[in-house]
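The primary structure of each chain is shown beneath.
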Amino acid sequence: MSLVTDILIATVPLMLIFATLFAFTTWLERKALARIQNRIGPNKVGIPCTRIGLFGLGQPAADGIKMIFKENIVPRGADRLFHLLAPILALIPSMLVLCFLPLDFPWLNENSVKAFLLDGAVIFFFAITGLNTLSVFMAGWASRNKYSLLGGMRAVAQMVSYEIPLVLSAVIVVMMVGSLNAAEIANAQAGWNWFVFTPWGFAAFVIFFIAALAETNRSPFDLPEAESEIIAGYFTEYSGFKFALFFLAEYIAMFAISGLAVTLFLGGGHGPGLTDAPWLSVIWFLAKIFTLIAVMIWLRGTLPRLRVDQLMGFAWKFMLPLSILNIFIAGSALHLMAGDRLADLEEKQPVLRQLMEGANLPVVAGLWFGALLILYVAAKGLNQLNRPNVRPREYKYAE
Amino acid sequence: MSTAAAPNYELIQQDGLETNLLEVSMGPHHPSTHGVFRMDVKLDGETVVDLRPVFGYLHRNHEKLAENMSYLSSMPFTDRLDYFNSMTNNWAYALAAEKLIEVEVPERAEYLRVIMAELTRLVNHVSLVGFFINDLGALGTPLLYAFREREKILDLFEQASGARMMCNYFRFGGLRNDVPEGWLKRAGEVVDRFPSFLDEYEQLLCENEIILSRTQGVGNLPRELAISAGITGPMLRASGVAYDLRKVDQYGIYDRFKFRVPYTDGDTGDCYDRFMIRMLEMRESIEILKQALAGIPEGEIMGNAPRVFKPKPAESYGRIEGPKGELGFYLIADGTPKPYRYRVRPPSLINLTVLRDMCLGGKIADAVIILGSIDIVLGEVDR
Amino acid sequence: MSILGGGIFKGMAVTLRNFVGSYINKKERLPTNDYSWRADGALPQGIGDYPKEKGEQLSDTTTVTEYSRNFPMLLHDGGEPMDTVRCVACQICERECPPQCIYIEKDYDENGKYIKRPAVFDIDVSVCMSCQICVEVCPFDAIVMNSQFELSTPDRFGGLLVRRDDLLKSNDYYHKIHPEEAAARDQKMAVEKAAKEAKKKAAAEKAKAAAEKKAAEAAKEEAE
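Chains as they are written, first to last, in the working numbering: chain R, 683 to 1081; chain X, 41 to 423; chain S, 2 to 225.
One thing to keep in mind: the hints can contain errors.
Here are some chain S residues the structure puts well away from chain R; computed CB gaps all over 12 Å [claimed, not checked]: (1) P140; (2) K200; (3) A203.
DSSO-like cross-link-like pairs, simulated, lysine-lysine; straight-line CA separation at most 30 Å [said to hold, decoys possible]: (4) X:K225 - S:K11; (5) S:K11 - R:K713; (6) S:K177 - S:K202; (7) R:K748 - R:K828; (8) R:K1078 - X:K287.
Calculated directly from the structure, the hints in this document are not laboratory data. For glycine and all other residues, C-beta sits at the position ideal for the given N, C-alpha and C.
Model the full structure from these sequences, guided by the hints.
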C-alpha cells in the first residue's frame, strides 16, 4: 500500500503541474506569436460571465472545453482501433519520461520513490521517446487519407533520422560526468559549471536543440504538419478530443525534451539562492525550461520550413558528422587536460570537475579555443560541401 | 500545355517491387493554392511525375457581361478581375476605351494615374512576397508585416476613391474625382517610410539560409521557353529578358520618370530570382512615386468625354505593365453604346501555362512554391 | 564569408524587434489597432455600446471613415421626406447600374399624370456592389452613397431589399457622414442653380425688352 502511495506522490503532482504548464504554454505561444506578427493575440476570454478579459488567460480552458464537446469523426474505411490508439500512444511516452527529470519537489524526501535516481535514466529517456515515432505513423496510416499518409511517412523519416544526433550529443555529457544518472548529471553542474559553457558542450547543446526541434515536429521541421501543403499532415482527420490529445502530447514532449536539455547542459535546477531555499531548484528548472520553450516559439515565428530531402540531408550529412567530430574533440580535450592524472580520477565523481581542479589555465584556454575553431571550421566546411551554390545573387538593371 | 523538356526523374523500378503512382488532387480547397485552383499531381514518393492544372472554379462570365452594358458600366467589373490590383485593371480598360473615343487626359490625371498604379504595384509585390514565404512555411510572419504596410496604402485608396479594394476610380478621359486635401502629403509620408520597411523585410528574408536553399534551383524557366510561351511581367524579367511595357510602350507619362528595370543576369530563372526581382521592383516603384509626387501639377482631372458614347466601328487593344504581367483589353466597337466583343488578356493565366514544365521532376513541396512564385490571382485566371 | 547561420540570426533579430516594438511603439507596429480617429479612441466593446439615435441608424457611421461608401441612399432636403425628395424617377440609374439591383416605378397622381417622384424605389443590397455608378449618372444629385454596413437581417426572403422609405435620408445626415463630399455637392448645386437663375433672368429681361420694343413699335404705328 505504501508503495502505491509513494508512486502516486511521485507522479500525480508532476502530471498536474505539467498539464497546467501546457495550458499556460498554449496561451503564451498564441500571444507571443501574435506580438511577433504585430497583432494582439486572444484577449477576450478571461473570467467567465464577465467582460474582464484577463489578457486572454481563459483561452486554454475555453479551447479545452470546446474540444471535449466536438463530434468525434472517424473516416469511413479507416482503421478504428488504430485511429483511437494513436493519440493515446502519443501521449503516454511523453508523460512517462517526465518522471526522469531531476525535479526535487519539496514534498519528496529521501525515502520517496524518485524515478530520476535510476542509474540509466538517460538511456531510458531516449528509449521511451522513440515510441512517439510509432504513434505518428499509426495516425497517418489509420486515417485512410493520402495527405495523412504523406505526413506520416515524412514524420517517421524525420524522427528516426534526428534521434542519432540527439543521442550522440548526449554522449558528450555522459563522457564529462561519467554516469547516466540524471540527478548526478545535474549535480555535476553545481555552481556555474554548466556544460554549455564548454566549447564541445556548447556545440552539443546546439545540436541537441536542433534535433529536439525535429523530434517534436516544431518549426522549422514541422513538415509532418505542414499546413500549406498537406493541410494538417498526420492529424488531418482528427477532431475533438483526440486532436486535443495530440496537441497535449506534442507540448508535453516539448517540455520533456527541454527538460532533458536543461538537465544535460544548462545546469538543471542549479542557480543562485539554492542554499537558503532548496525548493528554488524547481523554480529554476522550470524557468530554464520556459526559456527554451520561448526560443522554440521565437523560431517558429521566424523561420520557414525545410523540404524533406533537405531535412534528411541536414541530419545525415551535417549534424551526424558534426556530432561524431564533437565526440572526438571532447574526448581528446579531456585526455589532453588529464595528461598523466588519468589513473588518479575517482569513481562516481564528475570527470570534468576533477580535471578542471588541478589544470593549467593557459593549457585549458588554448584547448578550448582550439576546439571551438575546429568545430566552427568543420561546420562551415560541411555546409559548403552540401550546398555549394546557395548564396544571395546580384541582378542587372536596364535603363 | 506546351511540350516539356525531358524531365530529370526516374521511377524506381526493381525486380519484385511494383511501385504505383500516388495521385493526389491538391484540390480547390487548399490553404496555399491562392484561390480555388486545383492541381492533380501524380507522385512517385515525393517526386512529381505529372501535373494537370484545373481551373474555372471562379468563372464569372465577365467578358459576356460587358457585351450587355455600356462602356462605363463595365468599369466596376474590371476591379474584380485581379482583385488585388483594381487600379491597374481600371487603367488598362480606360486605355483601351480611350483609344476608341480619342480623348485627351489632363496632366494632373496622368500623374495621379501613375501614382495609383505604382502604389498598386507596391501592394501587389509586397503581398505576393508575403504569401510566397507563407507557402514556404513561415507561419504568416512576413505576410502580416506585408499586410501592415498594405493597410496604409489601402487607407490612401479609400480616401481617394471611397473603397479599399474595388476602387472603380478611373474614367475615360481622367479620373472620377480629385484626391482630397492632404492626400498627397499622406501619400508622401507612406512612400517615405516604405524603404525602411523594405530594409527590415530584406533583413528578415533575403539571407535566410532556409529560404535560399528552398528557392534556388527550384522551378527553372529557361529564357526561350518564357518568350515562346508568352510570359510577361516579373517572371519574364527573372528569366533574363529585359522587357517592361513601361519602357517599351511608354503609355501614360512614364517617359518622364527616371527608373530602372531589374532583370536576371543569365538565361534561366528560378523561384529565388522571381522573388528577388519583385523586391527590387518595389524599390524602383518608390523612385517613380517620389518623382511623381514631387512633380504633380494642379489642374482638372477629367477630360471632356461624354458619359454615354457610341464609338464608330473600330477595334482597340490597350495594355499596361500590370504588377503580374501584361494586362490587355481588346475591344471591338460597333457604333452602339455597348461593345461588340470585350476580351481580357489575363497575365496570370498565360503565366500559368508553364506550370507543368517547371514542376516536373521536383518535389511536391516545390510545386506549391512554384505556384506561389508565378503570382496568380484566380479572379484573373478564370475571369 | 558570412557567419554560419547568419541569415537566421538576422531574421530572429527582426522578429524580436517587432515583438518588443508591438509593446512600446504601437503607432508603428500595430497600426490597424489604432482607433485614434474615433471620438473616444477605441472600438465599442459591448453590444449596447454602439451609439444609436432614434430613427436613423448612426451606429455604423461612427466606426468607418468619412470617405468610405457602402450602398446608396436617396436625398431629401429636410422636412417631410416625400415633399422635398430630389429624385424624379428618371430611371437613368436603373439602366446604368451594372448588377441591375435598382427597381423604380414612377409616381402618377389621380389623373394619371406623371409626378416627378418615385412610387417604388427598391435596391437589393445583396446584389449591389457599391460601385457608385448610380451616383455618377444621376443628373439631379438625388442618390449618393451611404456608409452603413450593419445591414444583416434574419429574413432571408426580401430582408435585404431596402425600400424607398428606408432609403430616404436627409441632406443633414449626408453632411454628417461625408462632410467634404456633401459640401462639394451643395456648392455645385448652388452654382448650377445660380446659373439657371441667371439664365432665366436674362431670358425674362430679353422677353421684357422684346415686349417693350413691340409695345413701342405698336404705339409708333398707332401714332402714324
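Results of checking the hints against the structure:
P140 (chain S), annotated as away from the interface, keeps every beta carbon of chain R farther than 12 Å; the closest lies near 47 Å. No Cβ of chain R approaches the Cβ of K200 (chain S) within 12 Å, the least distance being about 56 Å, so the stated non-interface status holds. Every CB of chain R is more than 12 Å from the CB of A203 (chain S) (nearest about 59 Å), matching its label as outside the interface. Taken as a hint, the K225 (chain X) and K11 (chain S) pair is broken in the structure, with Cα atoms around 33 Å apart against an allowance of 30 Å.
Proposed proximity of K11 (chain S) and K713 (chain R) is supported: the alpha carbons are some 22 Å apart, at most 30 Å. With a C-alpha separation of about 35 Å, the suggested pairing of K177 (chain S) with K202 (chain S) is violated against the 30 Å cut-off. At most 30 Å may separate the alpha-carbon atoms for a hinted pair to count; K748 (chain R) and K828 (chain R) meet this at roughly 28 Å. Annotation: proposed proximity of K1078 (chain R) to K287 (chain X) holds, straight-line Cα distance about 16 Å (limit 30 Å).
Hint compliance for this structure: hints 4 and 6 are not met, and every other hint is.
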